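Novice: Just so you know, the UniProt record's numbering puts 170 at position 170 of the sequence shown, and the rest follows in order with no gaps.
It should be emphasised that the hints constitute simulated quantities derived from the structure, not laboratory data.
Quick caveat, the model's predicted, so the values are computed rather than measured.
Where a beta carbon is used, it is the ideal one built from N, C-alpha and C, also for glycine.
Among the hints, erroneous ones may be present.
[As the list claims (entries may be wrong)] Below, a list of computed lysine to any residue pairs in the SDA-like style, where the Cα atoms sit at most 25 Å apart:
#	residue 1	residue 2
1	Lys22	Val307
2	Lys22	Leu96
3	Lys22	Ser105
4	Lys22	Glu65
5	Lys22	Gly97
6	Lys22	Leu111
7	Lys22	Ala104
8	Lys22	Leu45
9	Lys22	Glu145
10	Lys22	Arg101
11	Lys22	Ser110
12	Lys22	Glu34
13	Lys22	Asp46
14	Lys22	Asp323
15	Lys22	Ala296
16	Lys22	Glu42
17	Lys22	Pro164
18	Lys22	Leu32
[Said to hold, decoys possible] Cβ pair distances, simulated, as ranges:
#	residue 1	residue 2	range
19	Ser345	Ala28	24 to 32 Å
20	Gly64	Ser27	52 to 60 Å
21	Glu19	Glu283	46 to 54 Å
22	Ala279	Asp308	19 to 27 Å
23	Gly64	Ala268	47 to 55 Å
24	Ala63	Leu32	28 to 36 Å
25	Ala28	Ala258	41 to 49 Å
26	Pro290	Pro363	23 to 31 Å
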Amino acid sequence: MTPFEPALAPAPAVADRLEALKALLTSAGSRLVEPAVLQPAEMFLDLAGEDLRRRMFLTTGLAGEELCLRPDFTIPVCRMHLDGGAPERRAGYAYLGPIFRQRASGPAESLQAGVERLGETDREAADADVLALALEATRLLGIAEPEVRIGDEALFAAVVEALPLPVAWRRRLTAAFGDTPRVLAALDRLDGGGSDEAPVAGALAEADPDTARALVENMLSVAGLTPVGGRSPAEIADRLIEQATLAAGARLAPEAAAVLRRYLAITASADAVPERLGAFAAEVGINLAPAIESFARRSALAAERGVDPARLVFAAEFGRRLDYYTGFMFEIHDGRSVNRPRLNSQAVGGGRYDRLLRLMGAPDPVPAVGFSIWLDRIATPSAAEGTVR
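Using the sequences provided together with the hints, build the complete structure.
Specialist: Shown next as structure tokens:
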């Protein structure tokens with residue numbers, strides 16, 4: 001097998017199933033698209049997580065621009081959307097094609113399919129639609145008993161917002177969500193660890209921003225130092241103020257750290273989550289009503305679309321290490337993969353990413369939700385051999 005040989009062989013049974021999958025993904029009005037295989041690398045380098053960046057295939061164009069083989073579909077589809085008209089317009093896109101990522105073993109080319117739905121302002125309804133469609137797709141592909149894990153970054157953000165924390169700490173915690181070790185390290189510091197600060201940092205924390213910037217400029221001038229790395233004195237001051245605020249806040253918020261640890265330990269089926277979170281909020285004395293109502297409405301809408309909330313496992317700590325995810329997230333696992341060691345059990349990953357189009361140049365955030373199916377991770381029967389390909 002060559003490094004770029006597709007992992008899913010085009011046997012007749014597989015080809016028929018892929019055509020059926022295309023029909024399903026486009027049945028709700030999504031348009032089938034195929035972004036170019038060769039993509040500008042900059043947008044992936046800026047937006048993708050470290051795990052994806054280190055596995056990209058990079059090259060240089062004749063004009064010196066950095067290019068890459070398409071490592072996923074979501075970012076190229078969003079780029080097509082931005083190039084095609086008003087960012088906020090409602091549109092749905094479906095895709096099925098190869099992506100390219102370096103791997104320690106196995107082929108570098110694999111098939112991915114999915115849907116991206118943009119501009120739909122009823123977020124809970126769009127979330128429910130996408131989850132139901134993803135589950136229908138897995139059934140079509142032969143996963144009779146999918147295992148579904150869900151999370152919600154908006155719920156975590158609501159807990160953080162409800163606590164008496166400085167703005168810098170709120171930013172730090174929400175930015176870390178999805179990376180559990182990083183969140184726990186931040187909570188350790190919030191407990192009071194590592195909160196020693198220099199006298200200058202303490203002065204900056206207590207000063208207003210204009211005074212702090214003037215203090216930094218004066219210190220640089222007295223020391224005869226010139227800012228390096230392109231940072232202005234004001235930018236250096238802002239960074240020092242943030243560090244000082246984090247250190248000062250850490251001395252004041254061990255109770256907040258305890259609340260967040262309790263929240264992150266919550267797991268429950270989706271039908272039990274509203275009651276569980278309501279009891280948690282009452283016990284710790286915070287208001288989560290709007291976030292809980294949003295979660296409950298999404299679950300009810302999913303139930304109307306044939307999804308059993310009792311079979312969705314909510315984990316409060318579940319998130320993604322990407323800055324553009326903003327709310328509901330899910331993974332669908334193929335339980336049969338337990339007996340197929342070469343297969344990764346996660347067959348589908350999806351969620352809400354309202355921040356992405358803004359990061360790509362849209363003037364405002366655009367509602368966006370979608371999912372991707374890793375077709376090479378699904379145990380697909382061959383009509384000729386009766387084996388997994």
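Novice: Taking the hints in turn, state whether each one holds.
Specialist: Hints versus structure:
Proximity of Lys22 to Val307 is assessed by CA-CA distance (about 21 Å); at most 25 Å being required, the pair is judged to hold. For the hint linking Lys22 to Leu96, the alpha-carbon distance of about 7 Å falls within 25 Å, and the restraint holds. Taking the CA atoms of Lys22 and Ser105, the gap is about 29 Å. The hint is violated against a cut of 25 Å. Using a Cα cut-off of 25 Å, the hinted pair Lys22 and Glu65 is violated, with the two alpha carbons roughly 34 Å apart.
With a CA separation close to 11 Å, the supplied pair Lys22 and Gly97 stays within the 25 Å bound. Taken as a hint, the Lys22 and Leu111 pair is honoured in the structure, with Cα atoms around 13 Å apart against an allowance of 25 Å. Between the alpha carbons of Lys22 and Ala104 the distance comes to roughly 30 Å, so the proposed pair goes past 25 Å and is violated. Of the pairs offered as hints, the one joining Lys22 and Leu45 is violated, with about 30 Å between alpha carbons and a cut-off of 25 Å exceeded.
A hinted pair counts as satisfied when its Cα atoms are at most 25 Å apart, and Lys22 with Glu145 qualifies at roughly 22 Å. Of the supplied pair hints, the one linking Lys22 and Arg101 holds, its CA atoms being roughly 23 Å apart against a limit of 25 Å. The hinted pair formed by Lys22 and Ser110 meets the criterion: a straight-line CA distance of about 17 Å does not exceed 25 Å. Distance restraint check for Lys22 and Glu34: the Cα-Cα separation of roughly 12 Å lies within the 25 Å cut-off, and the hinted pair is therefore satisfied.
Restraint check: the Cα-Cα separation between Lys22 and Asp46 comes to about 30 Å, which exceeds 25 Å; the hinted pair is violated. A threshold of 25 Å between alpha carbons decides the hint, and for Lys22 with Asp323 the separation of about 30 Å lies outside it, so the pair is violated. Our distance criterion of 25 Å between C-alpha atoms is broken by Lys22 and Ala296, whose separation comes to about 31 Å. Of the supplied pair hints, the one linking Lys22 and Glu42 is violated, its CA atoms being roughly 30 Å apart against a limit of 25 Å.
The straight-line distance between the Cα atoms of Lys22 and Pro164 is roughly 49 Å, outside the 25 Å bound, and the hint therefore fails. Between Lys22 and Leu32 the CA atoms are separated by roughly 8 Å; this keeps the pair inside 25 Å, and the hint holds. With their beta carbons about 27 Å apart, Ser345 and Ala28 fall inside the hinted range of 24 to 32 Å. Distance hint for Gly64 and Ser27: a CB-CB separation of about 43 Å, inconsistent with the stated range 52 to 60 Å.
Between Glu19 and Glu283 the Cβ separation comes to about 53 Å, which falls inside the hinted range of 46 to 54 Å. A C-beta distance of roughly 23 Å is found between Ala279 and Asp308, which places it inside the suggested range of 19 to 27 Å. Checking the proposed 47 to 55 Å range against Gly64 and Ala268 shows it holds: the Cβ atoms sit about 53 Å from each other. Between Ala63 and Leu32, the C-beta spacing of about 31 Å keeps the proposed range 28 to 36 Å intact.
A hinted range of 41 to 49 Å holds for the C-beta pair Ala28 and Ala258, which are about 44 Å apart. As the Cβ distance of Pro290 to Pro363 is approximately 26 Å, the hint placing it in 23 to 31 Å holds.
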